[in-house]
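Q: Protein chains in written order, with this note's numbering: chain A, 163 to 323; chain B, 384 to 816.
For the record, the hints were derived by calculation from the structure and aren't laboratory data.
Heads up, some of the hints might be wrong.
[Stated by the list, open to error] Here's a subset of chain A near chain B, in silico, CB distances under 8 Å, partners left out:
no.: 1; residue: His197
no.: 2; residue: Ser227
no.: 3; residue: Gly230
no.: 4; residue: Glu232
no.: 5; residue: Thr236
no.: 6; residue: Cys301
Given the structure is predicted, the values throughout are model-derived calculations rather than measurements.
Here a beta-carbon is modelled for each residue, glycine too, at the ideal position from N, C-alpha and C.
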Amino acid sequence: MRHLLSYLLFVGIPLAGLLGVLRVGQGLEAPRAVHGSWAVQPMAASGRVCTRYLLSDADSTLVISQSGRELTGTLGPGAEVGLKGALRGDQIALEGVIQPGATPRHVACTAGDTLRLTAKVFATRDARQIQGRLWFPSCADCGAVGFTAARPREYHVRRRA
Amino acid sequence: MPDVLLLLSQIAGILVAARLVGRAVAVIGQPRVVGEMLAGILLGPSLLGWAAPDLFHALFPPVSLGFLSALSQIGLVFFMFLVGLELDLRLLRGQTRAAVITSHASIILPFFLGACLALFLYPRLSDDSVSFAGFALFLGAAMSVTAFPVLARMLTEHGMLKTRLGSVTIAAAAVDDVTAWCILAVVIVVVRTAEATVSIPMMLGGTVLYVAAMLTVVRWGLRRLERVLERRGGLSQDIVAIVVFFILASAWTTERLGVHAVFGAFLAGVVMPRDEQLVRPLLDRFQDLMIILFLPLFFAFTGLRTHISLITGDLWVYCALIIAVAVLGKLGGSALAARTSGMSWRDSWAIGTLMNTRGLMELVVLNVGLDIGVISPALFAMMVLMALVTTFMTSPVLARIYPGRLLAASRREQEAAIGLSPTTSPPHPQRPG
Numbered sequence: 163m164r165h166l167l168s169y170l171l172f173v174g175i176p177l178a179g180l181l182g183v184l185r186v187g188q189g190l191e192a193p194r195a196v197h198g199s200w201a202v203q204p205m206a207a208s209g210r211v212c213t214r215y216l217l218s219d220a221d222s223t224l225v226i227s228q229s230g231r232e233l234t235g236t237l238g239p240g241a242e243v244g245l246k247g248a249l250r251g252d253q254i255a256l257e258g259v260i261q262p263g264a265t266p267r268h269v270a271c272t273a274g275d276t277l278r279l280t281a282k283v284f285a286t287r288d289a290r291q292i293q294g295r296l297w298f299p300s301c302a303d304c305g306a307v308g309f310t311a312a313r314p315r316e317y318h319v320r321r322r323a
Numbered sequence: 384m385p386d387v388l389l390l391l392s393q394i395a396g397i398l399v400a401a402r403l404v405g406r407a408v409a410v411i412g413q414p415r416v417v418g419e420m421l422a423g424i425l426l427g428p429s430l431l432g433w434a435a436p437d438l439f440h441a442l443f444p445p446v447s448l449g450f451l452s453a454l455s456q457i458g459l460v461f462f463m464f465l466v467g468l469e470l471d472l473r474l475l476r477g478q479t480r481a482a483v484i485t486s487h488a489s490i491i492l493p494f495f496l497g498a499c500l501a502l503f504l505y506p507r508l509s510d511d512s513v514s515f516a517g518f519a520l521f522l523g524a525a526m527s528v529t530a531f532p533v534l535a536r537m538l539t540e541h542g543m544l545k546t547r548l549g550s551v552t553i554a555a556a557a558v559d560d561v562t563a564w565c566i567l568a569v570v571i572v573v574v575r576t577a578e579a580t581v582s583i584p585m586m587l588g589g590t591v592l593y594v595a596a597m598l599t600v601v602r603w604g605l606r607r608l609e610r611v612l613e614r615r616g617g618l619s620q621d622i623v624a625i626v627v628f629f630i631l632a633s634a635w636t637t638e639r640l641g642v643h644a645v646f647g648a649f650l651a652g653v654v655m656p657r658d659e660q661l662v663r664p665l666l667d668r669f670q671d672l673m674i675i676l677f678l679p680l681f682f683a684f685t686g687l688r689t690h691i692s693l694i695t696g697d698l699w700v701y702c703a704l705i706i707a708v709a710v711l712g713k714l715g716g717s718a719l720a721a722r723t724s725g726m727s728w729r730d731s732w733a734i735g736t737l738m739n740t741r742g743l744m745e746l747v748v749l750n751v752g753l754d755i756g757v758i759s760p761a762l763f764a765m766m767v768l769m770a771l772v773t774t775f776m777t778s779p780v781l782a783r784i785y786p787g788r789l790l791a792a793s794r795r796e797q798e799a800a801i802g803l804s805p806t807t808s809p810p811h812p813q814r815p816g
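Here chain A stands alone, though its shape is the one from the complex (with noise of 0.2 Å):
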């Protein structure tokens, strides 16, 4: 008799409590999954852009790893920038430093700058898309470029169950 209630005790009952807390958290709601590699296009930009030469190669891809709201990222055909930030709803904010000699020489004032990138996530049925900007704040000479990027179909297959 003592063995079972003990059984009952530490197996039956948090079993049943198992059940429960799979039930309770299927209503939670997890940030939106932006991680994965987004293979990035520059839209038009008018007058002098520092930021463009990360942008216009065709292997430029912005890749993102995501731990909730938190992410980490790298942007540039090369990798040549580290970025971190977050997610809020649907918007990213990142920001990094390019590391002096990982720019082109006719790029003027990106080394030791401090790059923003922020980006609002379209989510469709299929697909999962990002449109935004990034620019240097610091320098009052370069425009900020637009951009979109798309992510392949494997990383938006997975749906909450």
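Once you've looked at the hints, dock chain B against the given chain A.
A: The following block gives chain B in isolation, referenced to the frame of chain A:
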């Protein structure tokens, strides 16, 4: 093509670090495997990448990690085969009531607490590509893991294996070992069936059929190996080649079914005949290479994936919470269950402490979780720290619960007692867990 010079340099660096840190922690009474796990973290971005970024990037450039990953995966497949091979299913039969309650409680209590923790962590550390059920079940499974091999080695080293404490612990840990892999397989099915790209009938039906075939037809077929062994008088290279092919084929099948290669390898070990002429020589042939070469590679690969820098600010509080829940569920749950089964408080705490050892097994589970995308990189780093802390704390806590003089007295009592025979033979003393 791999850069052979770079690959050789990586392997050499990993082996040296593993041996040095392994020796260093042995000085403070820790199992060598703890040092090897630590060496993997030290070689990763968390220490080497932070302290000497140029050296780190020269030694582990991102393009080279694919080869290191492949080697560590192969090592993991063979390691899981050894885990299955050493699993003695006789331990699961004829258990005492204390062992039954302790083993079941030591799985379900941490599992439940892990799922409760998921309610808090899911909105903070996951994303909407993972279902809550998959996340919670994985967290529960990761909390309920016990490192059976390292636990068995500790019991042997402390002379506890032939005591009641030892027999209850070893039986409970054996149940945990089997259950944890079964639960993890279920979790993978839950997570992957949510993906539109995986065929659910193929995954579920195929896995059930495969396990059934392995436990019946294949096991029966493998018994022929015993007869071949008898005829040849020992383990020949041909038989080793057949076994290697069998391990790889089984790992390939479960990977193809969408479960994970480690399950196929584990199952291959479980269904192998238990002939001493086969098991011991196989262990002897595989173990040295596994311990000296492949496991350090796996630890290093895990370390390269562990970014402790991702744990910042509040995330350290989450990390402390994860460790506290892991210890409370496993140590506390096992101890209370053992106590209510009639064991003394001292023995109950000792059982809880031993069951709380997660070791290498936890790293295997966590790597699977990261591979299938059910845990995020930051959560992976926190769980790796939890695995290190729970493994590291076992020896000192056990020494406090059972000081040397008490242990000697307990051994004398057990030797004087009648009918307290162990339920198992001592496991191989070398393999880490």
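Q: For each hint, tell me whether it holds in the structure or not.
A: Hints versus structure:
{"no.": "1", "hint": "His197", "in the structure": "holds (7 Å)"}
{"no.": "2", "hint": "Ser227", "in the structure": "holds (5 Å)"}
{"no.": "3", "hint": "Gly230", "in the structure": "holds (4 Å)"}
{"no.": "4", "hint": "Glu232", "in the structure": "holds (6 Å)"}
{"no.": "5", "hint": "Thr236", "in the structure": "violated (10 Å)"}
{"no.": "6", "hint": "Cys301", "in the structure": "violated (26 Å)"}
Violation of the numbered hints given earlier is confined to hints 5, 6; the remaining hints are satisfied by the structure.
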